[in-house]
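Protein sequences appear in the order of chains A and B.
Note that numbering that gives the first Met the number 0 has the first sequence beginning at 0, numbered continuously upward.
Note that numbering that gives the first Met the number 0 has the second sequence beginning at 0, numbered continuously upward.
If you're looking for bench data, these hints aren't it; they were derived computationally from the structure.
The following label-pair restraints were derived from C-beta to C-beta distances:
1. A457(B) with P531(A): 57 to 65 Å
2. T367(B) with V829(A): 26 to 34 Å
3. S47(B) with Q544(A): 29 to 37 Å
Note that beta-carbon positions come from the ideal geometry of N, C-alpha and C, so glycine has one too.
Here is what each chain is made of, one letter per residue.
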Amino acid sequence: MKLANFLFKACLGTKGLKMQLLFSMFCLFAVQAGFSQQKITGSITDEQGVPIAGASVLEKNTANGVASDFDGNFEITTSRPNAVLVFSYLGFLAQEISVQGSATLNVVLKEDLQQLNEVVVIGYGTQKRADVTSSVATVKSENFVQGNVKDAAQLIQGKVAGLSVSAPSGDPTEGTQISLRGTSSILGGTNPLVLVDGVPGSLSTVAPEDIASIDVLKDGSATAIYGTRGTNGVIIITTKKGSNDMKSTIEYNGYASLSTIANRMDFLDANELRQKFSEGYTFNGANLQDYGASTDWVDEITRDAFSQVHNVIFRGGNSTSNMTASVNYRDIEGIFLKSNNEKYTARVSVNHAMFDNKLKTNVGVILSEQTYNALGDGYSFNPYIYRQAIIRNPTEPVYNEDGSWYERDVYFYDNPVAYIQETIGQNRYRNSRFDFSLSYDFGDHLTLKGLYTRKGNSNIRGFYQTKNHVSTTKNGQEGFASRGTDDYVGNYGQFTADYNNAFGKHRVTGLVGYNYEDNTNEGFYATNRRFPTDGFTYNNLGSGQGLQLGEAGMGSYKDSDKLIAFFSRVTYNYDDRYLLMASLRREGSSRFGEDYKWGNFPGISLGWRIDQESFADNWDWLSNLKLRTGFGVTGINAGSNYQSLSGLTYGTYFLNNGQWVRQLVPSRNANPNLRWEKKEEFNLGIDFGFLEGRINGAIDYYDRTTKDALYNYSVPTPPYFYGSIAANVAEIKNSGLEFLLNVTPVQTDNLQWTANLTYSTNTNKIVSLSNDEFQLTNDFFDEGYTGEPIQISTHRVQEGEPIGNFYGLKSVDITDDGIWIIERPDGTRVPATEATNDDRQVLGNGLPKAYYSWNNTVRYKNWDLMVNLRGALDYQILNFSRMFYENPTISYNTLDSAYDLVYGKAVLQDVQRFVSYYVEDGDFLKIDNVTLGYTLPKDAIKFAQTFRIYASGLNLATITGYKGIDPEVNRNGLAPGNDERDKYPSTRTFTLGINFTF
Amino acid sequence: MKSTINKVISLRLRIFTLAIGALFLQIGCTDLEEQVYSEVTESSFTPSESDIVSVMASAYTPLRFVMGWQGYFDLQEEPADMFVTPTRPNGWDDGGTYKRMHFHEWTETQWQPRNTWITCFNGINSTNRVILQIESGQLPVSEEQAKSIVAEMRALRALYYSMLVDTHGNVPIISSYSDELPVQSSRTEVYNFIVSELTAVIPDLSGTVDQSTYGRVTKWGALQVLARVYLNAEVYTGTAQWGKVIETCDQIINSGAFELSSSYSDIFSTNNDGNSELVFAIPYDQIFAPQWNAHMKMLTPDHRLVFGMQAQPWGGSSCNPQFINSYDPNDKRLSDTWLMGDQLNASDGSVVMTLVNEMPSIYGCEFTEGFRCGKYEIEPGATSGLSVDFPFLRYTDVLMMKAEALLRTDRSDEAAAIVTQVRMRSFDNLADATVTGAELEGDTTVEYGTLAEDGTIADPGDQSVVPYGRFLDELGWEFAAEARRRSDMIRFGVYQTKNWYNHTPKGDYTTLFPIGLEELNTNTNLTQNPGY
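Required output: the full structure, derived from the provided sequences and hints.
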């Protein structure tokens, strides 16, 4: 059975889901069920008595088998009277029952808590959990985070050790931020490769409600088969699918939610400002005087946001064809006025089999349309507006007496309500994806498969600032309009040949394949001013006079790139004890230099299932023990096209004989030696399970070294034309430990409590910033930027140091006059007015050294409760809001705390400065997701098979010493830990939802 | 039966293989050539005649950094005694950058000197690139054309070096476009290079002064650069070249190609192109070349109403009261250069604000404290890019260079005659305009010393007489805000010795800026300037 099972999984390729697998088995066995001697009927249920449809029933040591029907009933005719039947179903422990003449068997299958038979998607194929030799995590839909999630990544937030998922922005058009095993690349970012049903896509290609499971390939030996972009891990999204011979079902999943601002900063309100005036404080700029009103500016531009999501999935199939169709509608409101995101997604997938199921085809279509308001030119959230609401004098009214907007002439100071109401903007996106695949099974050993996908997305944007907007009332533009559009088309093709065979105790699989991908982007935009009326908004660009006056703008672009790869993989299993997987990918990218386009990415991993050894036979308490180790090389593609090409471009103007002509200059410092950035990763792991899997888990250690890391490296001018060049210079090391523990402390008929704990650490180090070609005299460069008026870098990237070091002045005290006292690196102290840039030092680090999570699921009869806690340890945040606004000398409204004594001594009287006082510890624990659900008893309603209602809260409570809005701030790039001043605040969301299936 | 099955299978195999093959054909196999759409690749580009100017343009356009953000203007004015950028209600501490400039406490990460280094070398790189393209025959030009373009590029290269020899001194001389890591030269070598290059190419340069040579380096522009370098020869090399200054200036004067503008303010107006005293201007334009934003830094936000501007200025820099106090009240250049007192709303004439000649401290000034520079015309509707062409080399400077050389070679009366000639357009009567040689030899009228918050002298510092100090004052009044005060102060020994506003002298080494950290970091051939 194991063998057959294995073979089928291998044959099914990436599409191999449990339903398909079962169906395939069914077909195989049904064919051979013709010669009968004894008929046995019965039913298969789980421990709760719920029928299991599609469970396999196999007569041992024969190929004779059937599958249970939709109500869990089966009927099998055995070849001999004393046959042994093997009952199995994915996620359940297989059971062998000797027939011994009985004609009826009612079988109760026990859930397999370790899920060793679970199918794991490993890239161009699947593997049984027990056979996996690399670090792969799987999360199934029943364990997803529930509620108003931003994208697929938030479904598995806190569920995978080593994968950090955060939602630093409350913007409904923004996704999550992910990082896996630290920051391995400087330019490559931390975004993993996302595959949606085997094709590169994004975390929002399909609706979260449409996802059946998410697999995360973590270590290099697993991701090497993906070569390109495998560095940051691979997230494989498998959608919900139909299976053959399944009853037609309709599954509805819908919810409504309410979002509020998670946390507000305490700025002076009108009464507090008046209090300050009466205390004798005088201010410049915004808070010059009392303007008589009492306005809560943040209230004026925010709201309680209501959102609704509806998802319907239709599934069904006959013996040769099945289909899945789903529609999804999300209408998400943001907490700021006019901030929203509305999206429709439809997906259809049809599977069709012919020639005794040897030829299989799949046709799939995913279409979506997304529309949202744009308060910035081309983007949803305009941070400037939020900033205006924070810094505005609370005694100013919103309107003048005549109903016009109340405005004052202060530097960078505009009425935020007016800004929102006088801006009209909309972005609309359309995405499409067409998949077509064909596979042919040549008997038991060889399957060929071809897949072609065409992807496209396009958007059109419109943006208008009316004549009542400050762009006109202060800057005389007489209306500003902008339109733009981008278009993307991509082709993706894949061809694979799968081979598998077994010789005695040896099992071998092989895979060879070819992969092609191209991407083409193009677009254009135009802007104009001086419109005769506001009536056209952005719909009549030509009516503006700005074009004639040289104030209009336009542009267009087009670029393309290609990726081509050949790959192969072998797995070998000896007696279920010794496991090997080896892969090699040879990949080429058009973005690299002529002689460096191709790179080789090998991966190898080994596993030893100790529990299968004969010496472990008596260890009854042990249900699983596997040691695994692997090594793999993955690559990062160059971030943008044409970096290796010498290009020329027409640039700024030059006055020649009374005419302005364009200058012609090199486009960039071309680097013909540009090549793959490569990451080598070693992984050592152990999987364990005790007490029939009630305690199980995994521990992994990884050590990754990124070589030839791409960076826009500073070069001398001359000889170079520009001051930087994209080059492979840096070396970065990351290492860490990951712990995963699943425990079922309570398991009775009525009550089940499972807990899932993860803990992961990461240590990061820049080993080198030079190579033979590019040498730095100093071993560092500075990154991050405070913005004006402070205008200094926030981070230093230095050899031998970790990424994310804050680098600035260390404040230790304050003078009686309220001037910072700075401690220099040599320990001496000077007032900040005398401190220089040489007095800066490392003030902390913005990347958490450890992440942890604790997820609990409790089921009591029909109730289920999920409580997810998560946190991060040992890192710092630069609190920009305090740095800018906790200062009474500025000419805008301030935080209440600006008037507190600093170090208990004096009120600050210094200019705004980046000093260590604003670098705070970020450690936190979040009660992130609590969901309470109730499933109606099966007999309570006739029309539905399942009916569940639930209530859920996201981002419920945060325990932290951090004084800002949310300690989960940007962790990407070279300046992590900057809690930017004007970022969209994170939200707290409450959701009520219903799922039911007809 | 079995064979039939096999046939069926092999047929299916063939169909399948065909289908897969078709897939391959459609998607191409291993071709990874990059396709370029919105730029041209150097290898496939054949320049036409109309591209020649475009190619040459890249050598000139970097010059627009002069009046750009933290450009050459800031480098020459912020460390000098005229412009101060104190902390204002809306900021302007900017990480202390302007205070470091005022205190002469810059380090190798200071942006303004780096910006000048980077931009000048960008220009030098481009001149070398053009020369290489001409000499290698990549550009379709006649031999005669080639000769004049190469001469012009070499002169322009020398012009960039004339800035670098003044700011950083010991810089690499790069005279070809190559991959080699540049090697540092001494300040004297750089000086000699400029002199020999200009001397060599001047005969080949065009002497035409009209629209076709406007904004281009002509014979006269090259001569004036040469005169400037001679004028500062003592600073650069230790050996003065006053005779050569006079000789070079006379070549320009005697050409008759230029004359003093009858109106001082015309030189700095929006439509100053073609002004009779412009020897070499850097053309700016609100639409085509909007890099001039120095006015945004100098005007207060409320000047938007005063000038009916479209953009709201940022409001940082104003004039050190000590310098304002040095003006003769009858000198019209005072009001031609500085915005003082009541500032009126352009639309209704109401008083928007009143500017006062007081600047309590670099650590804090109100918007209205300190007179603002209004020398360059602000047109109604002005944006953040001003359309005035910057008078990088103007005829008055030729006359004043000659006057200075005469003064320093004991011909002070001849010098006084020239200075009087220059002053005449700025005074209502001749008596006020007239200066004597003795006066010019005398001490400066600027009362140096650091200021207390109430504007009185807190620390007088070095009060020794400045030789020819009164002539330095004349340069200050005439060329205020023309991105040169620092060089003049160094030549007269004031920069490194006197106290002014909140500044105290830091030593001779400050006459050169440090080479940037990034530059040292990336070019191991470079050694830092002494003192840093």
